[in-house]
Amino acid sequence: MSRATLEITGLTLRISSAEILRGVDLSLAAGRIQGLAGESGSGKTMTGLAVLGLLPAGSQVTGSIAYGEQELLALSPRRRNDLRGAEIAMVFQDPSTSLHPMLSVGAQLTDHLRHHLKLDRAASRARAAELLGRVRIADPAAALRRYPHQFSGGQRQRIAIAIALACAPKVLIADEPTTALDVTVQAGVLHLLRDLATEMGLAVLLITHDLGVMSAVADRVAVMRRGEVVENGDRLQVFTEPAHPYTASLLASLPGAAGGVRTLDDVRALREGP
Amino acid sequence: MNELLEVAGLGVVYRGRPPVRAVDGVDLTVGAGQVVGLVGESGCGKSTVARTICGLVKPAAGAVVFDGIPVTPLGLRRRPAALTRIQMVFQDPYASLHPRRRIGAQIGDGVRAAATRGGEPSEPAWWLRRVGLEPDAARRYPHEFSGGQRQRIAIARALAARPDLLIGDEPISALDASTQAAVAALMRDLAVDSGAGLLFISHDLSVVRLIADRLIVMYRGRIVESGPARAIWEDPQHPYTQSLLAAVPVPDGLGTMPAPPADEADYPLEPVLR
Amino acid sequence: MTVAAVDSGGLRARFRTRIPRAWRTPLGITGAVVATLWILVAVLGPLLWPHNPLGQDFPRLQAPSGAHWFGTDELGRDVLSRVLAGARVTVPLALLLVGLSVVIGGILGLAAGFFGRWVDETVMRLTDLVMAFPTVILAMVVAASLGASLVNAVLAALVVSWPAYARVTRGLVVGIRGAEYVLADRLLGFSALRSLRMDIVPMVTGPVLILASLDIGTATLLLSGLSFLGLGAKPPTAEWGSMVGTAIAHFDAWWMGVFPGLAILTVVMAFNFLGDALRDALDPHTAGVLGQAETR
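Residue numbers (the working numbering), protein chains in the order written: chain A, -3 to 270; chain C, 3 to 276; chain E, 1361 to 1656.
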């Protein structure tokens, strides 16, 4: 069994006297997608931001985030900067705000490449076009010259993924990557994420509240509630035989889940229930 | 037969270069005590249809007739009392309540609207109880409640006006997944119990099909399929509906990837109407 | 349970929780204290003046001493009394100017944003017309053509100050007018005017008040500036701007210009600090830092 690419142990987070995370343990392995589910306020996004070192001012973090030999929480901001984008990358939820509206797609990609990989202009353009092809954007060479607003939401998300993967990172944090997309567009992006994760041997942390998405792509699923991980296991196990009552209650209220509501009467029964 | 709501040949055009046909030739009806689900992805025109029915948007073509009365667009004057029998619950629970007025006062506006039409008087507290909230919530402000609770308050306000037609414009989309089915069922039960019709707009089919009697599927401003909810869910006929349903990920833990639609699929625009 | 966003709440509830926190910042407290002091000086007026500000009884051009803390000017008047008396002119007029700008600009902006179409076009082109000119120059031209007097200076300053409020108000109204709670109220039978009064105006007053509080400093400078140029207060009125103007001819009697200048400086800075603190406390975007963190 390969050693974990990224290991989070006992992570706690306080932001001006509010306890956001109360001891989170997670581990990410190369080529596998670890899902992190939870409702709003559970702290799942903050966990992702903690790994990247993008927490808001006034945050107090304790615990350990071990990336290979390095302890991320002990690194200087400069070292963390070097890692961010190059080895640990992130894809955010809203494709309309995660790309710079006034730079061409090519500029955003090559900027990134030239900073981290020190490539020259021609080499970075070639690689940028290659990346766009990999995320299945039609006519990559022309796309480099266009601007984000000229693409659809789904395409913008693919471009964001391309930027995230430009420097062949080892870890990818995807925070609600398909939530803002239509369901048909989402299907395509999920396939892309799954394929890229396998091809590139990425360790992926997939953060989403959508258990349908989790069920489709995640290998392991962790469920968070109020800053703690209440359940963490193999996907099939968590969905069909959840160990924690919270997970069970989440599944019970979803149409389509094993044990989930199937008819209107089921929903009404839930309402009357405990 | 005179349906409660009859929409015929509705067309809505948004200004621009080129002008956008948001809605093109839409016919639909909603009967008293009937729940119609209007589904489709972003940009299909479903929200525009809802807003036109309410009079918030001016149609470019076609007619909206409510209980024999033509629905006129909202102007500077007050809404004619007869048309306050159409009420709407909006998508964003954080924007649909006045941030600075107490809940009781806002629901009181609904009560007053019904009273103007000569209905029997009621108290905001009663409506709060009907949506599952404590009556003393009437003294509090919106910011003291969660998103799900605010949506229930918005529903209470709409129902306090004793509408004969209740329209939900993506009312559950902004809620946590575990409460979506419950709130949808609540809207159905409360509307149907009072003999009102419910037009429920959503992009999430798996919840809508639980509460709807009929489903209408829209794509690019047109209706592509309509019929009994169960029939459409179990046996969709139109290729777009089929790909829409196939793209919905099922939270069953089996790791089945949703099927992405064929690239740039051009669906036939002839509708399948049952 | 989600922690709710901090930007909503009853107005009274917000002031109760927000203002105290705002004053806890050192700058906010300083601003509030200094501004209050000057307002007190203006209100108490003659009670504080050691001597008659217009009385030319004393030896001329005396440096500051035990008898005259701020010295005497070229006509033998006590500078300290004149500086204190100046507060009675400048502070109320600056507040009046801002108040009138808010009312006039606000009403026009409300109308433009709410009714749209030709009302909007007319008001906006009017603001364009005024804003096309440099503020101070235009104020000078208007003041000069009306004739030099304090009243005319205020009028001239008003002409150049209202457009900013009209624009801001219009922008806010256009933004709020499509909000879902506004639409919901219309569907419940609110007339457009009722909706304007209950749904839109209350949400506009906050940002406008913040703008106004930050503007008091600018208003002070504008009025003193016009007086400095001889287009505002006429001698022998004790007014800070005109005092500085006279002091230019008596450069070695530094106390004649420095003290009125410091008065202007402290008033402007006090209201600026106060305005900043108010904005930090009431603006939903920055209030989040002082308020509770949003979790996801």
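Errors might be hidden in some of the hints.
Some chain C residues close to chain E (C-beta under 7 Å, calculated; not the full set) [stated by the list, open to error]:
| hint | residue |
| --- | --- |
| 1 | A97 |
| 2 | D111 |
| 3 | A163 |
| 4 | T181 |
Reference listing, derived: stretches of chain C covered by chain A, where coverage requires no fewer than 3 residues with Cβ under 8 Å from a Cβ of chain A [to be verified]:
| hint | segment |
| --- | --- |
| 5 | 51 to 65 |
| 6 | 169 to 180 |
| 7 | 254 to 264 |
FYI, nobody ran anything at the bench for these hints, they're computed from the structure. Note that this is a predicted model, so its numbers are computed, not measured. Every residue, glycine too, gets a C-beta built ideally from N, C-alpha and C.
Status of each hint after checking the structure:
1. A97: Hint holds; A97 (chain C) Cβ to chain E Cβ min 5 Å, cut 7 Å.
2. D111: 5 Å, holds
3. A163: Because about 6 Å separates A163 (chain C) from the closest Cβ in chain E, which is inside the 7 Å limit, the hint holds.
4. T181: 11 Å, violated
5. 51 to 65: Since 0 is below three, the answer is violated.
6. 169 to 180: holds (count 3)
7. 254 to 264: Satisfied; 10 residues make the cut.
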